Amino acid sequence: MKKYIKLNINSNEYELLVADNETLAQLLRGPQVNLTGTKQGCELGDCGACTVLMDGKPVNSCLVLAMQANGHEITTIEGLSVNGKLHPIQEAFINAGAVQCGYCTPGMILKAKALLDTNPNPSRTEIREAFVGNLCRCTGYFKIINAVESAAQSLGNKEVNAK
Amino acid sequence: MTETTTKKCSVLNTSPVRKGVPEKATGQAKYTGDISLPGMLYGAILHSPIAHAKILNIDVSRAKKLPGVKAVLTTKEVSNIKFGHSPARFDETALAVDKVRHVGDEVAAVAAVDEQTAREALELIKVEYEELPFILNAVDALADNAPLIHAEYPRNICQEVHNEVGNVEKGFAEAYLVRTDTFANKKSDGACLEPQATLANFDINGNLTLWTSTQVSHYVQRTVAIVLQMPIDKVRVIAPYVGGGFGVKASAGSHEIIACMLSQNTHCPVRLVLDREEVFMHNRARHQFYHEMKMGVDKYGKILAHKHLSVLDGGAYSSFGIATIYYNGSLLHAPYAIANMRYDAYRVFTNKPASGALRGHGGLSNRACFEAQLDMIAAELKIDPVEIRIKNSVQAGDTTASGYYLSSFNMRECLKEARDSSGWVKKKNHLPKGKGIGVSTSYFVSGAGASIYRTDIPQSTVIIKVADDGNGVTVYTGSNEIGQGSDTVFGMMTAEVLGLALEDVKVISGDTGLCPIDLGAYSSRQTLMTGNATKQAAEAIKTQILEKVSQRYHLPASEFELRDGRIYGTEKNMDELNLIRNRYKFEHRHFTNLVESGPLTFAEVARLIYADSGSILGKGTYRPPDIQYSKEWKGSVVGASPAYSTQTCIAEVTVDSETGDLTIDHLTLAHDCGFAINRKSIEGQLEGSMCHGLSEALFEEMIFDGKGRLMNPTLGDYKIPTTMDVPDMHAIIIESNEPNGPFGAKEVGEGCILPVVPAIINAIRDACGVVIMELPITSEKILKSLKAKEAAKAEQYIYKPPENADRILERAAELSKGSSAR
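Note that the protein sequences, when read in sequence, are chains P and S. Read left to right, the first sequence gives residues 0 to 162 (numbering that gives the first Met the number 0). Read left to right, the second sequence gives residues 0 to 821 (numbering that gives the first Met the number 0).
So here's chain S without its partners, still in its complex pose:
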């Protein structure tokens, strides 16, 4: 933005200490697992050890007899009302009914006086299973005679999509160069440091309070109420401090519902904390994707047509999958202008833990495939990788082929800043052997325009209440602070509008008992959506303050200004000022630190209003404006957002040609976040995204054995980066003025992971001529490729996804033949 706005701001666009951080640094911050209630019991869940089986019988008699056990629940004792993420696909029950669909499916639950007794009781539950044929990969799932994981979905197809805009065949016919490439990733996990924890307590009146580690208090409240058949108002969900989410805590989980059931059954509070293995089995993180992309360009590198065939291995349940499959198509419609696009995709069920959403939902592996292919095209045409991206870029004011209107979009600035800051021009084609530099761009939504269930309610409502004595305000928002810093953002916005210091603003969030509904922390929506509601609520307070002084001073409101905790303009009439001040002082004469001079304070004026009419409240709501999306591109409503962020990553790497060892030397990430609210938090998101992107590029893979059992369910075997794996990095904040954002702000938390993976892939190609088209990129894959390249005496070698990826994509192509895309 906009120097003018920056200059006018006193709180926004700075780097204050975040709210809650001193508490976190001293151990005072209470996460769900830190909370105890008198008489509390400990819950534990029995999971299926088999990927696909009928449950013939569950014998809980021995478990029930174990001293200290207070309840043992199976499907017979509890509600079997279905729930899930997308209302069109509610396909889960809290405890398995009749059959289990993956290793880790919840079969029974126990509450006991301590954790050890609860775990011991699990071992005494005897379950008789009849094993069923199981499916661990998408090609088996899509077979004509495949066993069905859910009876109602033939060929295990959870969802299919066939879309076309323009005319791709015509585009390819006119192209100078056409390439087809395939790509795959592996199922990955969120790996939040805090395992899911939940504490449920039914009181004597049947009111339920649920403390839980969630990104979405509202959806948890709603889901629990649906399954337990309770009025929603009798369920209070409180998200205490949350130790990271990244998407895996963005739905109600069965563990949350089970804890409520155990509490209801025992009439005691029940705390249930997942261990790390359970976290891996429960998390609905990134899908395993398969992509085949065909791109046609003219001889100058202008993209003429793009065709994308994709299969998503969704695991045993739908979870977020319906959104994922649509995002997987729509998130390729920018940051490049492509008139002719086709997308065919299948999301299939397999007997593995379900996949859902993770940071950069539905936009990571497709982006990696696209950008790696674009780089190979640039190389063939001898065009600089930065230039080919600038040439194809969209910009603010453009509408994509999927109909998305880009109201702000500083992609070219991101590219140029990252290029200049990294020394791209000096490095590209001038690095010593084994060193390489690579670039990628991307874009993301700033909040899903449509809510998850169909509703007309605003996506955010915020209430601000002025302290009774006027000293400060409290913001009440149902949004979720999960470590990303949203409470601080809303505090800063409120302080800015009311001319207060950040310290004068308290924020209470994530508590459905105190706060109005907000849909929560997913799809990078809160800064824009909750932010707009916060700004409106603060302005409603400001209006009341201005009206009061205007009335007392018989001057128009425009004569006054809220700044530094004062109401400037009130010193224009010293008689009136002294009258008001003396009254405040008299009323508060036993207090110290009363103001003696200068314009009236916010507190002095607020107290006048309180004396007239009691509490001063301000309310703000946000619903997205009429967001544009193309009716021609089916499902383009998924991906339609009030605003779009854009970002560029440049990676520098070294490849050891003897061992295939890969070192990431440096990462640069430039991100257009609209107007920057909390600069240090934004840097933190960019740095965290570089690390997270590096992690998905090089390490992350949930490995299953031939029976669907997870082989690496620990943070020792499932690798995420340590301090030794992360290079020095440079985060660049690029600002724009987003007209739909509060103060011009938009998202930062998710989009910036997207360009990191392909920038690394492209840097490796630059370093050694090897293109790794399957994540994670291991030294082994690089070394194999280097050897194959040498044997073929070729300039370039492409490491393709394994053979079964081809079979999966061939099967998808066969099934989609003749599918109408319109």
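Next up, chain P with everything else stripped away, as it sits in the complex:
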């Protein structure tokens, strides 16, 4: 059975025809939306590579049925940089050396966004706890944790400057 759903993806409105067993990850990556920045590593919710934000909260998009996302706002990695300008979290990951093969990176960065939106100054332990569902095989996580710390700092500084 296929059905039309409405999604707001990265501030764009979509009307999409989806199958009842289609996951949000498949929909995002598939021919209708074609946003392949969202990665699939396991399709079981184990690896976190497919993390996207649904109404600002991180979800494993392989565990969300496309139909469940009907009417919600989705942010993927493609929606984070605006007009070609990198988001400070992206900058922090790039500069900290937190990206090796890069396959976990989109999920990591969106997880970082969700964390810093709710907890702007996390401790290293809080960062570790927040990222427990996002696997990385390359980096040993050390520079990823550094990147989140440094992103928190630069986002904080920005707020201070704005004030």
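In case anyone wonders, no lab produced these hints; they're calculated from the structure. Remember, it's a predicted structure, so these values are computed and weren't measured experimentally. Think of the CB as a built atom: it goes at the ideal place given N, C-alpha and C, for glycine as much as any other residue. Heads up, a few of these hints could be off.
With a straight-line Cα cutoff of 30 Å, these simulated DSSO-like cross-link-like pairs (lysine-lysine) come out [claimed, not checked]:
no.: 1; chain 1: S; residue 1: Lys185; chain 2: S; residue 2: Lys169
no.: 2; chain 1: S; residue 1: Lys64; chain 2: P; residue 2: Lys5
no.: 3; chain 1: S; residue 1: Lys783; chain 2: P; residue 2: Lys84
no.: 4; chain 1: S; residue 1: Lys64; chain 2: P; residue 2: Lys2
Which stretches of chain P does chain S cover? Using the computed rule of at least three CB atoms under 8 Å from a CB of chain S, they are [said to hold, decoys possible]:
no.: 5; region: 32 to 40
no.: 6; region: 44 to 50
no.: 7; region: 92 to 103
no.: 8; region: 134 to 142
Following the hints, position chain S against chain P.
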């Protein structure tokens, strides 16, 4: 290296942002599974559910009738030409012929209009099997009356090795202390985050393009051409962004060949992405090893003799196994000087997925056994573990008993730096109860000296082309960027030679249609081998630039220097400079940002050459020098390398004596990488290796049931570390000047995993007197050992590999009796 070189460098030895990283952080980077072509079909593979069976019949009629199915292939429709990894052991076909040899063996393949239809079609294929007796462990494999997995290998022995240098029996006779210990690990997986994905497209002229997630574009191209009986030049392999490899993507896989067959059959592009369960069944990662080691030392701890008996459970096919069994012997010839060594080993077939290569290929479990034993010897002799390693260490200028010449080897510096940085002296023997500290050293190759197939071609060829307007250069290399940062390394080397900024250098790699042959990313070879070819190619460009200014200025080339994008020395004759500059400016008068002052730019001079003779090309090649290895130690060519890295790990742990719970508190890793090219990338490799080593020490195990079915084929059940499992860590870069390396550089990606496992084992012994000699180290094993130790009122308890390991090693000992080692 060498302060002088460091000082002279403007790009090397820094920490630039890696090439491709902004693309990865924004989702712009396209991995194979992200690429779609118009009219593309989706491929899927039917796997055997049985460990060992004859195929009596395959009925595909229902699958073919399913709407949307475009092709169903079995052995009858496709090439059955054998392929594999080592040419001496090509024992695989793309789809099973007559019988299946493990659960997961490829039986049939489908292409359909979407993935779901393809998977549905698989369920409609009816295969009639006749089950055969199967073998799931090495002792059954080696039995005299064992069923044969491959008819041509009696007792299922894929390869055996018997080697001796010096005289071990004499060495043991002179020893003050002799110990024998056994050790085993479990088959582990690479667990790259990106599952294997491949996209094949035959065009109307019969040319094939294959985008694939690989470490070795060249070997994939060659294998596909062999199996499909095509001229190699009609096959173009492109490795897009690759989401990790670690060894499991270092051979052509049947999925790649099957995708090509499906495309050939349907005349459409076909994309095939393995799911995680298929990844586990397909990956040829680390073997399951069994080791028995006997070590004899004098009363000062000097190692006099070493005897190593080993069995490798290889699974159903040879894969890398021939190399693995030789590495398993030769990778113990350093970092300690041992004159008398013997090695007897068998690699056997079993009805499980094949094993192959993984980070630190053939050097992880043997190193763990060796170092744990050395630590127990040090304890018996009351020698500090760091001291016994320094005492036995080899150093630069030494030749090992296997004949390897160590042209650079800062092992003692690694040991000392790791010791001092970790606070070893203050901690060892002074930690509170339950806390422990342990050390291990190791070494690794910096590129396999011999290529996988016999050939006289250079291992690397690199071409650099200067942009037509002179603004920057492009490096073309068939090497493979898999997330380790090799593109950036070659970009940095090129920028350094040509006095350009890294941003001015583009790198195109892993595309056999555009790039000259490079053997690819395995055996930690690219920094040294591709790096040497890159440096030579860049120097060929530099020579042309210098010749041109020398000719225009009537001055020797030595009067000029390439730096900061300029040719210094050209300002010595302002008339000539202005003549050249004005010409460039006139030609480019509609462009902005033209240079007005200072020495001539690289672009201005390059454009002069272009005007004379068109494109400026530089070519570099690398073939290893005449590498030394001992003819006495059979197979020592496996393990012979132009250079050797060395490393030390120090682990600090806490063991809960009530529960056996183990916490890794801190890891320190010092690694001699020669001259450091990209410092942040090197740190990243060290940190990644600490995590990967911790993972193999504590978690990784592919668990099979009694019928050879994998019980934990998910990343939830097959554990790898999360952020919560990894401690704070300290990566220490130790530099040396490797004469065979470009700018003095050598490997970093693999060797640094090797000392991590034994450092953890030794730290646990230090913490609680328990030595866990079987991986993975679980709390359960620690707790059992603590209880057994307490019951025996002993100071130390050794957790041995289970009984069947003894039976396997006994059988191997029995078979190797009387085998000539010379």
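Consistency of the hints with the structure:
Using a Cα cut-off of 30 Å, the hinted pair Lys185(S) and Lys169(S) is violated, with the two alpha carbons roughly 34 Å apart. With a CA separation close to 35 Å, the supplied pair Lys64(S) and Lys5(P) exceeds the 30 Å bound. Using a Cα cut-off of 30 Å, the hinted pair Lys783(S) and Lys84(P) is violated, with the two alpha carbons roughly 56 Å apart. Between the alpha carbons of Lys64(S) and Lys2(P) the distance comes to roughly 27 Å, so the proposed pair stays at or under 30 Å and holds.
With 8 residues having a beta carbon nearer than 8 Å to a beta carbon of chain S, the region 32 to 40 of chain P meets the requirement of three or more and the stated coverage holds. For the region 44 to 50 of chain P, the stated coverage by chain S is satisfied: 4 residues place a CB nearer than 8 Å to a CB of that chain, which reaches the threshold of 3. As drawn, the region 92 to 103 of chain P meets chain S at 10 residues by the rule of a beta-carbon pair under 8 Å; at three or more, the given contact holds. With 9 residues carrying a beta carbon less than 8 Å from a beta carbon of chain S, the region 134 to 142 of chain P meets the three-residue requirement, and the given coverage holds.
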